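Participant: Line order of the protein sequences matches chains A and B. Residue numbering for the first sequence follows the numbering used here, starting at 56 and increasing by one per position. Residue numbering for the second sequence follows the numbering used here, starting at 75 and increasing by one per position.
Just so you know, the hints here were simulated from the structure itself, not pulled from any lab data. All values derive from a computational prediction rather than experimental measurement. Among the clues, some could well be false.
What the hints assert, rightly or not - Cross-link-like lysine-lysine pairs, in silico, DSS-like; alpha carbons within 30 angstroms at most:
#1 B:Lys127 / A:Lys440
#2 A:Lys441 / B:Lys240
#3 B:Lys240 / A:Lys440
#4 A:Lys523 / A:Lys171
#5 B:Lys522 / B:Lys98
#6 A:Lys477 / B:Lys98
#7 A:Lys441 / B:Lys98
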Amino acid sequence: MLIAPSLIYSLIAPILIVLGGALIGVLVEAFLSKAHRAAVQITISIGTLLLALQQLWRIRDLSSTTAAVNSVTIDKAGIFLQATVVVLALVAVLLIADQENFVAQASAVPGSNEEKNSLQEKSQQTEIFPLFLFAVAGMMLFPVASDLITLFVALEVFSLPLYLLAGLSRRRRLLSQESALKYFLLGAYSSAFFLFGAAFLYGYSGTISLSGISAAAGSANNIFLLIGIVFVSVGLLFKIGAVPFHSWTPDVYQGAPTPITGFMAAATKVAAFGALLRIFYVGFAQEQTLWRPLITVIAIITMLFGSLVAIAQRDVKRMLAYSSIAHAGFLLSGVVALSKDGLVASLFYLFAYGLTTIAAFGIITLVRDSSGEVTDLNRWIGIGKKSPLVAGSFAFILLSFAGIPLTSGFIGKFAIFSSAYKSGYISLVVVGVLSSAIAAFFYIRVIIMMFFTDPVNDSVSVVIPSVKSRISIIVATVISIILGLMPSLLLNAATTYANFIK
Amino acid sequence: MNLLTIVGVLPLISALLIAFIPSKNAELIKRAAFAATLVVAIASIFLVTGFDKSVTGMQYVQSNTWIEAFNINFAVGIDGISLVLILLSTILVPIVILATWHESDLGRWSSKSFYILILVLETLMIGVFAATDLFLFYVFFEAMLIPIYFLIGGYGTGNKSAAAVKFLLYSLFGGLLMLASVIGLYVIAGNQIGATFDLTQLATLEIDSNTQNLLFLGFFIAFAIKAPLWPFHTWLPDAAKAATPGTSVLLLGVLDKVGTYGMIRFCIALFPDASKTFTPLIITLAVISIIYGAFMAIGQKDIKGLIAFTSISHFGFITMGIFAMTTQGMSGANLYMVNHGFSTAALFLVAGWMMMRRGSSTIADFGGLQRVTPVMAWTFFIAGMSGLALPGLSSFVSEFLVLVGTYTRYPVAAVIGTLGIVLAALYILIPIQKTLHGPITSGNENLKDLNLREKIAIAPVILIIVVMGFYPKPVLDIINPTAEKVVVNAGFTDPVAKVGK
Numbered sequence: 056m057l058i059a060p061s062l063i064y065s066l067i068a069p070i071l072i073v074l075g076g077a078l079i080g081v082l083v084e085a086f087l088s089k090a091h092r093a094a095v096q097i098t099i100s101i102g103t104l105l106l107a108l109q110q111l112w113r114i115r116d117l118s119s120t121t122a123a124v125n126s127v128t129i130d131k132a133g134i135f136l137q138a139t140v141v142v143l144a145l146v147a148v149l150l151i152a153d154q155e156n157f158v159a160q161a162s163a164v165p166g167s168n169e170e171k172n173s174l175q176e177k178s179q180q181t182e183i184f185p186l187f188l189f190a191v192a193g194m195m196l197f198p199v200a201s202d203l204i205t206l207f208v209a210l211e212v213f214s215l216p217l218y219l220l221a222g223l224s225r226r227r228r229l230l231s232q233e234s235a236l237k238y239f240l241l242g243a244y245s246s247a248f249f250l251f252g253a254a255f256l257y258g259y260s261g262t263i264s265l266s267g268i269s270a271a272a273g274s275a276n277n278i279f280l281l282i283g284i285v286f287v288s289v290g291l292l293f294k295i296g297a298v299p300f301h302s303w304t305p306d307v308y309q310g311a312p313t314p315i316t317g318f319m320a321a322a323t324k325v326a327a328f329g330a331l332l333r334i335f336y337v338g339f340a341q342e343q344t345l346w347r348p349l350i351t352v353i354a355i356i357t358m359l360f361g362s363l364v365a366i367a368q369r370d371v372k373r374m375l376a377y378s379s380i381a382h383a384g385f386l387l388s389g390v391v392a393l394s395k396d397g398l399v400a401s402l403f404y405l406f407a408y409g410l411t412t413i414a415a416f417g418i419i420t421l422v423r424d425s426s427g428e429v430t431d432l433n434r435w436i437g438i439g440k441k442s443p444l445v446a447g448s449f450a451f452i453l454l455s456f457a458g459i460p461l462t463s464g465f466i467g468k469f470a471i472f473s474s475a476y477k478s479g480y481i482s483l484v485v486v487g488v489l490s491s492a493i494a495a496f497f498y499i500r501v502i503i504m505m506f507f508t509d510p511v512n513d514s515v516s517v518v519i520p521s522v523k524s525r526i527s528i529i530v531a532t533v534i535s536i537i538l539g540l541m542p543s544l545l546l547n548a549a550t551t552y553a554n555f556i557k
Numbered sequence: 075m076n077l078l079t080i081v082g083v084l085p086l087i088s089a090l091l092i093a094f095i096p097s098k099n100a101e102l103i104k105r106a107a108f109a110a111t112l113v114v115a116i117a118s119i120f121l122v123t124g125f126d127k128s129v130t131g132m133q134y135v136q137s138n139t140w141i142e143a144f145n146i147n148f149a150v151g152i153d154g155i156s157l158v159l160i161l162l163s164t165i166l167v168p169i170v171i172l173a174t175w176h177e178s179d180l181g182r183w184s185s186k187s188f189y190i191l192i193l194v195l196e197t198l199m200i201g202v203f204a205a206t207d208l209f210l211f212y213v214f215f216e217a218m219l220i221p222i223y224f225l226i227g228g229y230g231t232g233n234k235s236a237a238a239v240k241f242l243l244y245s246l247f248g249g250l251l252m253l254a255s256v257i258g259l260y261v262i263a264g265n266q267i268g269a270t271f272d273l274t275q276l277a278t279l280e281i282d283s284n285t286q287n288l289l290f291l292g293f294f295i296a297f298a299i300k301a302p303l304w305p306f307h308t309w310l311p312d313a314a315k316a317a318t319p320g321t322s323v324l325l326l327g328v329l330d331k332v333g334t335y336g337m338i339r340f341c342i343a344l345f346p347d348a349s350k351t352f353t354p355l356i357i358t359l360a361v362i363s364i365i366y367g368a369f370m371a372i373g374q375k376d377i378k379g380l381i382a383f384t385s386i387s388h389f390g391f392i393t394m395g396i397f398a399m400t401t402q403g404m405s406g407a408n409l410y411m412v413n414h415g416f417s418t419a420a421l422f423l424v425a426g427w428m429m430m431r432r433g434s435s436t437i438a439d440f441g442g443l444q445r446v447t448p449v450m451a452w453t454f455f456i457a458g459m460s461g462l463a464l465p466g467l468s469s470f471v472s473e474f475l476v477l478v479g480t481y482t483r484y485p486v487a488a489v490i491g492t493l494g495i496v497l498a499a500l501y502i503l504i505p506i507q508k509t510l511h512g513p514i515t516s517g518n519e520n521l522k523d524l525n526l527r528e529k530i531a532i533a534p535v536i537l538i539i540v541v542m543g544f545y546p547k548p549v550l551d552i553i554n555p556t557a558e559k560v561v562v563n564a565g566f567t568d569p570v571a572k573v574g575k
């Protein structure tokens with residue numbers, strides 16, 4: 056006989072609300088007339104996210120391992136990570152709401168008359184909103200999932216919409232579709248790896264729950280455990296874009312519509328690192344000697360590779376893609392640290408980095424010529440003269456990525472590196488500062504291009520952003536500035552919330 | 075808020091206020107910036123009157139929590155060493171603004187941005203010397219790079235953006251190495267006495283010699299790049315050639331002093347044992363810097379390049395004095411930092427006027443200025459004489475103290491260093507002869523002499539150079555107790571009986 060599972064609805068309400076919002080969005084697509092869809096969808100998305108945030112605030116002091124039959128653990132760190140995802144989604148949705156980045160009709164063949172017609176009709180693709188909300192719901196579930204099956208489900212729930220969204224760019228559609236396909240195929244492989252590893256972990260411990268795997272330590276076959284850890288890690292490392300599973304990152308970052316790139320770069324990192332942290336801190340902490348050397352090596356090559364290859368990039372989106380690879384390496388140092396400090400640092404870093412990333416991609420959407428966004432760095436020359444404020448904000452963001460003091464990026468780096476040092480991984484700190492020094496080179500090169508080089512006679516201009524984009528970029532930039540000057544605001548919260556229930 | 079904090083914050087507040095003046099009113103902006111920095115300079119002189127020379131600890135101490143999670147405090151305070159360097163900064167800034175009144179007009183951006191950058195830089199310069207929290211120091215140390223970067227890249231001449239980038243990347247590289255050491259120190263403190271960045275507490279740590287050596291190197295390389303010491307110096311001539319004369323004064327006169335200041339405050343105070351281990355190496359590098367800088371200076375055809383290389387030679391003297399680990403060497407090095415600041419300022423400012431009038435920075439383009447522009451020629455002459463440490467001018471006292479202090483412990487280094495003085499005579503006298511004396515080369519006949527503004531700007535610098543040459547006691551009185559304390563705390567005693575000042 057099948058017994059109905061007991062769910063603590065009040066704790067999983069935030070996720071359910073977002074999923075509900077997504078479903079309503081689907082219904083709106085089906086039943087509402089075209090003219091009103093966009094406004095309604097935007098309202099639903101924003102309303103849903105705000106409601107989810109309010110619910111997260113309500114449960115901020117509650118926690119339970121059994122929110123959904125041992126499959127979902129709502130604990131302090133989980134709530135923090137969910138809140139981070141929701142906040143980033145709120146900032147990103149305002150950028151996404153500027154729909155001119157998206158294809159008018161996704162089903163039309165690129166270059167066909169059908170496409171031209173739909174462009175002329177100014178028809179808009181509003182499916183992006185429910186897809187976006189599904190992705191957000193998956194990202195909220197991923198870091199609180201505490202068994203392997205739920206993890207896999209969450210992984211797929213947020214990945215599938217992202218594959219689709221990546222292919223919806225209005226301009227350079229073939230590039231966009233190619234990137235979506237590449238993302239999908241490689242993503243499918245990595246999911247298979249994850250499942251394969253999960254099977255081995257089940258074989259090792261006889262259970263799929265992370266705490267069960269942790270409890271089985273020492274009593275079971277370590278070879279199975281090692282294989283399981285390796286393959287599960289491959290699946291997760293793919294999502295965060297760690298070397299050698301990074302090859303999709305530059306293509307997808309470049310091909311996807313820029314607001315989606317920003318959302319993906321920020322929120323996917325939060326969700327995937329949240330899950331990674333939970334799996335390693337809760338599930339594998341007992342067997343740390345098995346995986347810490349592995350992840351250390353991956354972190355080192357990821358930091359160095361990302362920083363070195365970024366130097367050769369001529370496209371601003373590809374450059375930021377490689378920079379995000381380097382940042383994944385820095386964040387992995389926090390995983391290796393395996394301590395409360397490491398968790399605090401990771402939580403702070405994810406939030407701060409996410410906001411700056413969205414602001415960066417938001418600004419990229421503003422630099423355009425007659426045929427759309429200009430991402431070729433050589434054509435960014437002299438925009439500091441055309442639009443000092445936008446270029447100045449972008450320069451600030453780059454300095455934050457580079458980790459210059461008085462930016463949130465610096466505090467994040469300091470926190471991560473000091474936690475790694477404290478756990479005895481001095482090599483990570485040394486490689487970390489060296490790759491930061493390398494990375495500084497290409498961030499600064501962009502600043503030179505924007506400010507120190509005279510603009511050539513070029514049609515590139517910085518458009519005045521719409522109100523929504525403006526709010527999004529300003530909010531993200533201002534919070535980044537505040538976090539650089541007064542990091543305590545977030546650090547204290549991260550310290551309070553840096554706690555996984557085991 | 076005590077006086078020190080007020081002095082430090084004033085320029086920043088002025089910068090914020092100036093941001094509200096429309097860019098069109100360039101003249102008003104210049105006057106406002108000058109007035110603000112003058113007020114700061116006067117306020118900083120009150121720091122001296124309230125300073126108790128008999129106390130060797132930190133004064134004007136203030137500490138507020140900044141980042142609780144890492145126990146980082148906004149902690150400031152000054153002792154004799156930092157006081158004189160703060161004075162050097164606050165006095166030089168208004169002089170630079172007055173002397174280079176039109177420097178910002180030709181820049182890539184408006185005059186407004188120029189003066190805002192200068193004022194922000196002044197706050198950071200005061201902060202870097204006043205910080206008694208290691209993290210806070212690091213923040214100022216790195217943040218300082220940004221305004222200078224934009225000052226060179228936005229208002230400089232020639233290959234300015236390449237020079238600005240070279241400067242920034244060198245400094246960032248050093249800074250990041252230092253960050254690794256800062257983190258190491260923080261973690262070690264966490265294990266021994268609880269996480270802290272407080273300098274006095276960090277000095278009590280007991281670190282095993284291997285770790286200490288590595289942490290020391292992280293700090294030292296950062297400071298050696300900044301100072302700059304051979305072989306980390308290659309960014310300086312480029313930056314000095316590209317920057318405007320005013321920026322060069324601040325860069326060489328004040329910012330580079332952060333390097334030598336850091337060696338005293340951090341390398342020696344925090345890692346006395348490692349300092350001992352590395353002293354022979356560092357003294358060697360210092361001696362190489364002295365000789366190398368001097369020879370390169372002799373070969374320079376460009377006035378700015380000449381001054382840059384003489385500075386490398388002088389920084390060699392300062393570093394040698396610091397690591398000689400004698401009270402005289404230490405006091406001499408401190409005094410040298412101040413004197414070098416003023417004599418470089420004089421050289422750069424006058425050279426800047428000469429270049430602006432002639433439209434060239436090549437030494438060979440000048441000649442016979444003594445007859446055409448006597449006042450300008452005389453000021454350049456005095457500045458040059460101070461650069462070669464002529465007795466009676468300020469640099470002589472400090473160079474003498476450094477050499478005597480070094481001789482008692484490292485006689486060979488001191489003797490080779492003395493060779494630097496001989497070379498100094500060459501690298502100063504030859505250009506002076508070429509530019510000031512001899513026949514008037516064509517193109518120079520109608521150069522105008524200094525105007526009133528320029529005379530007013532340079533007068534205090536010349537006055538300080540002369541007065542400090544005859545009567546350095548007031549400054550030495552401030553420096554000596556702290557310098558002595560640094561040497562004693564590092565575990566050294568003077569090899570010979572102390573000679574009077």
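Participant: Would you mind marking each hint as holding or not holding in the structure?
Facilitator: Hint-by-hint comparison with the structure:
1. B:Lys127 / A:Lys440: Judged against 30 angstroms, a Cα distance of about 51 angstroms means the pair is violated.
2. A:Lys441 / B:Lys240: Measuring from Cα to Cα gives roughly 26 angstroms; hence the hint holds.
3. B:Lys240 / A:Lys440: holds (23 angstroms)
4. A:Lys523 / A:Lys171: This hinted pair holds, its Cα atoms lying about 27 angstroms apart.
5. B:Lys522 / B:Lys98: holds (28 angstroms)
6. A:Lys477 / B:Lys98: Not satisfied, since the Cα-Cα distance of roughly 54 angstroms exceeds 30 angstroms.
7. A:Lys441 / B:Lys98: holds (18 angstroms)
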